[in-house]
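Q: Could you put the whole structure together from the sequences, leaning on the hints where they help?
Protein sequence lines, in the order shown, are assigned to chains L and G.
Using numbering that gives the first Met the number 0, you'd call the opening residue of the first sequence number 0 and step up by one each time.
Using numbering that gives the first Met the number 0, you'd call the opening residue of the second sequence number 0 and step up by one each time.
Hints are computed from structural coordinates only; laboratory data are not their basis.
Be aware that a few hints might be false.
Unchecked claim - So, partial list: chain L residues that the calculated Cβ filter (under 8 Å) puts toward chain G: (1) L21; (2) E24; (3) D27; (4) V36; (5) A38; (6) G301.
Ideal placement from N, C-alpha and C gives every residue a C-beta, glycine not left out.
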Amino acid sequence: MTRSLLSIDDLGREGIETVLALTREFRDVSSRPIPKVPALRGKTIANCFFEDSTRTRISFEIAAKRLSADTITFTQKGSSLSKGESLRDTVRTLCAMGVNALVCRHEASGAPARIAQWVDVPVINAGDGAHEHPTQALLDVATVADHRGDLGGLRTLIVGDIAHSRVARSNVLAFSAMGAQVTVCGPATLLPPGGESWPAEVTTDLDAALEKADIIYLLRMQKERIEADPVFGSIKEYVQMYGLTAERAARLDPDVLVMHPGPMNRGIEIASEAADLPASLVEEQVANGVAVRMAVLYLALGGTP
Amino acid sequence: MRRSGFAPKARVLDEDEIRRAITRIAHEILERNKGPDGVLLVGLHTRGVPLAHRIAAAIAAVEGVAPAVGSVDIAFYRDDVQSAPRVPTGPTEVPVAVDDATVVLVDDVLYTGRSARAAMDAICDFGRPRAIQLAVLVDRGHRELPIRADYVGKNLPSSRDETVRVRLGEVDETDAVEIGTSPDQVSGSVEAAT
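A: This is the structure in C-alpha cells:
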C-alpha cells in the first residue's frame, strides 16, 4: 500500500483536517532555532518536474530538507527524456536507485496517477495539466483556516480561467469538502465543460458574485489565452469584466479575504491596489506552502521503515 | 484512545500515593539543583504535561516561586517503525530559553528509553541546556538505551507482556497507576509510551 496524494479526493475532509493539524506543528518547527526535525531521516525524495516550476519545486525541496530527507531534483531539461527515454522507464529507473517517494509536476493531466501505477512508492501530485494541484489547495485551506477557523459556510468565489486551471479544480474540491460554499466565475468560454457536476455554483457575472463573497480567489490568467479568446481578444476588455480592479477592490467589505496562487499578473487578474490590501493573503499563502508540503511528505513517508 | 484491551491486575499507586510521589520528586529536584532557579520542567505529551505542572505547583508550594513549564511532542523524533505516521497530540512549547537552563524532562512511564532519547533530541534543537534530567512517575525497566531516570516516583518491576496504565485527572477521570495486560498493545504503557 502506498500513500500517494494524486487528488484532493484522496483525502476527504478527515484527511484535510489531519494535514491542517500537522501544518500547524510544522509551522512551529519552521520558527525554531533549528528549523528541522529528523522525521524522514534516511529517506530520499525525488522532485520530478517534467514541467517548469520555481516556487512549487523550491517549496517541496525546503519541506523535504526540514524533515531531514535527502532530495534530488529532476527537470525535463538535460534529462534522458530529451534523449527519448519513456516516462515509465525514467521513473522506474529512479525507483530502482532507491528513491522513497516521487513528487511529480507534469503538463499532462493524469500523468502522476499513471506514474503511481508504475512504481511502488508514494507519488505526490505537484500539479498535472488542467487536472489538479492538491498541495496548492491544501495551503489555501490552511491559510483561510488561520483567519477564519472553521471554513463551514464561507462563501468562496474563484475567478478566472476555470477550464484550464488545476488550482481551481483542487480548490473547489478542498473548500467544498471543508463545508465552504464555492462559486466559480469566468467568461463562458473559460468555464469547464461539465462544470455543472462540480460541487460549486457557476456564474459569468463577477460584479453580482462579488456582492456575496467572503473570499475572493483570483487565478493566474495567461495573456495568450485571453488574446486567443474569441469573445475578448484584448486584455483590457478582460480586466474590465473579470479583473479585481482597484474600483472593485474599493467596494469590498474589509473582512473579505483576497487570495492568489501566484505568480501574480499585476494589472490583469488583480490590480496592484488589490494585491497589496491588508486583506490580501498572498504572502501568507506562500509561507504556508512549506509547512503544508512538510505535512504531505510526512503523511506519505512518516513511520515507514 | 485504545483503552478497551486493558485488563488491570493490580493497582500500583492510588491518588494519595501519586501526590506523595510528586511531592518527593519536587523536593529532590530542589535539592539536586539547589533551588528552582534555572530549572525548566518539560512534560512529554500526553501525561507528562500535567505531571510537569503538578511538580511545578509542588515546588511553588515550598519555594514560593514556580519554575517554568513547557511541553514537547516527540512524534517527529521517533526512531521506531509504525504502520502510520503519528500526528502530534499536543504542541511543543518551550516558554524560556533552553540555553544554560537545567531541563527536567517529565514523563509518566519510563520503559525502553526511546521516548526520553527522542525528547532529548527535540530539546537540543531549541538550544544547549546546561543539563538535562529525567523525572518519571513509574520506571518499569526493560531499557534499550543507556538512559536512567534522575527522579522516580515508583520502581515497578514488570514483564514485557504486561502493560502499565497511568491515569491522571487532567486527562482521565481519575488518578491511578495500574499494571495489567492488554493483548493488542505492543508498547510500554497504554497511549503508546515507549
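Q: Determine for every hint whether it applies to the structure shown.
A: Now for the hints, and whether the structure bears them out:
1. L21: holds (6 Å)
2. E24: Holds, because the Cβ-Cβ distance from L:E24 to chain G comes to roughly 5 Å (cut-off 8 Å).
3. D27: holds (6 Å)
4. V36: At 4 Å from the nearest chain G Cβ, L:V36 passes the 8 Å test, so the hint holds.
5. A38: holds (4 Å)
6. G301: holds (3 Å)
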